[in-house]
Amino acid sequence: MPTPLRMCVVCRKMLPKNELLRVALNKDGRVFIDETGKAQGRGAYICSSPGCAAKLVKSKALSRAFKHEVGKGAYAETEELLRTRTVKSQDT
7 MPTPLRMCVV
17 CRKMLPKNEL
27 LRVALNKDGR
37 VFIDETGKAQ
47 GRGAYICSSP
57 GCAAKLVKSK
67 ALSRAFKHEV
77 GKGAYAETEE
87 LLRTRTVKSQ
97 DT
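Those letters in the sequence shown? Residues 7 to 98, by this note's numbering.
Just so you know, these hints were derived from the structure itself, not from any lab.
Take these hints with a grain of salt, some might be off.
Here are the computed distance ranges between Cβ atoms for each label pair [unchecked claim]:
#1 ASP34 - PRO8: 32 to 38 Å
#2 SER65 - LEU11: 18 to 24 Å
#3 ARG18 - LYS78: 28 to 34 Å
#4 LYS33 - ALA60: 18 to 24 Å
#5 ALA45 - ALA82: 17 to 23 Å
#6 LYS78 - MET7: 24 to 30 Å
#7 SER69 - MET7: 30 to 36 Å
#8 ARG89 - LYS66: 14 to 20 Å
#9 ASN24 - LYS78: 14 to 20 Å
#10 ARG36 - GLY57: 24 to 30 Å
Taking lysine to aspartate or glutamate and the EDC-like style, the derived pairs with C-alpha atoms no more than 16 Å apart in a straight line are [claimed, not checked]:
#11 LYS64 - GLU41
#12 LYS61 - GLU41
#13 LYS23 - GLU41
#14 LYS73 - GLU41
#15 LYS33 - GLU85
#16 LYS64 - ASP40
#17 LYS61 - GLU85
#18 LYS23 - ASP40
Computed from a predicted model, the values in this text were never measured in an experiment.
Think of the CB as a built atom: it goes at the ideal place given N, C-alpha and C, for glycine as much as any other residue.
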């Protein structure tokens, strides 16, 4: 079975789902990082390129993808996780 592709909400590139970070919005309006990739709720995917991490907040990509205002805390948490992922991938 081929790996499903998903689009990064920042750069709009299609990449394998397992290479992207999923951020989810549940029915209660809570935005959270979905480590499993299987949590209920609407998902938005972000690649781990340094450019996407930098543009995430400025472009308000999550708010646009969810059609729901996303707080600064969720953006900060997502941006930090993306940066640590980028550092880890450069080390290997």
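Comparing the hints with the structure gives:
no. : hint                      : in the structure
1   : ASP34 - PRO8: 32 to 38 Å  : 34 Å, holds
2   : SER65 - LEU11: 18 to 24 Å : 21 Å, holds
3   : ARG18 - LYS78: 28 to 34 Å : 24 Å, violated
4   : LYS33 - ALA60: 18 to 24 Å : 31 Å, violated
5   : ALA45 - ALA82: 17 to 23 Å : 20 Å, holds
6   : LYS78 - MET7: 24 to 30 Å  : 39 Å, violated
7   : SER69 - MET7: 30 to 36 Å  : 33 Å, holds
8   : ARG89 - LYS66: 14 to 20 Å : 18 Å, holds
9   : ASN24 - LYS78: 14 to 20 Å : 28 Å, violated
10  : ARG36 - GLY57: 24 to 30 Å : 28 Å, holds
11  : LYS64 - GLU41             : 24 Å, violated
12  : LYS61 - GLU41             : 21 Å, violated
13  : LYS23 - GLU41             : 12 Å, holds
14  : LYS73 - GLU41             : 22 Å, violated
15  : LYS33 - GLU85             : 23 Å, violated
16  : LYS64 - ASP40             : 22 Å, violated
17  : LYS61 - GLU85             : 9 Å, holds
18  : LYS23 - ASP40             : 12 Å, holds
The structure fails hints 3, 4, 6, 9, 11, 12, 14, 15, 16 (numbered hints given earlier, in ascending order).
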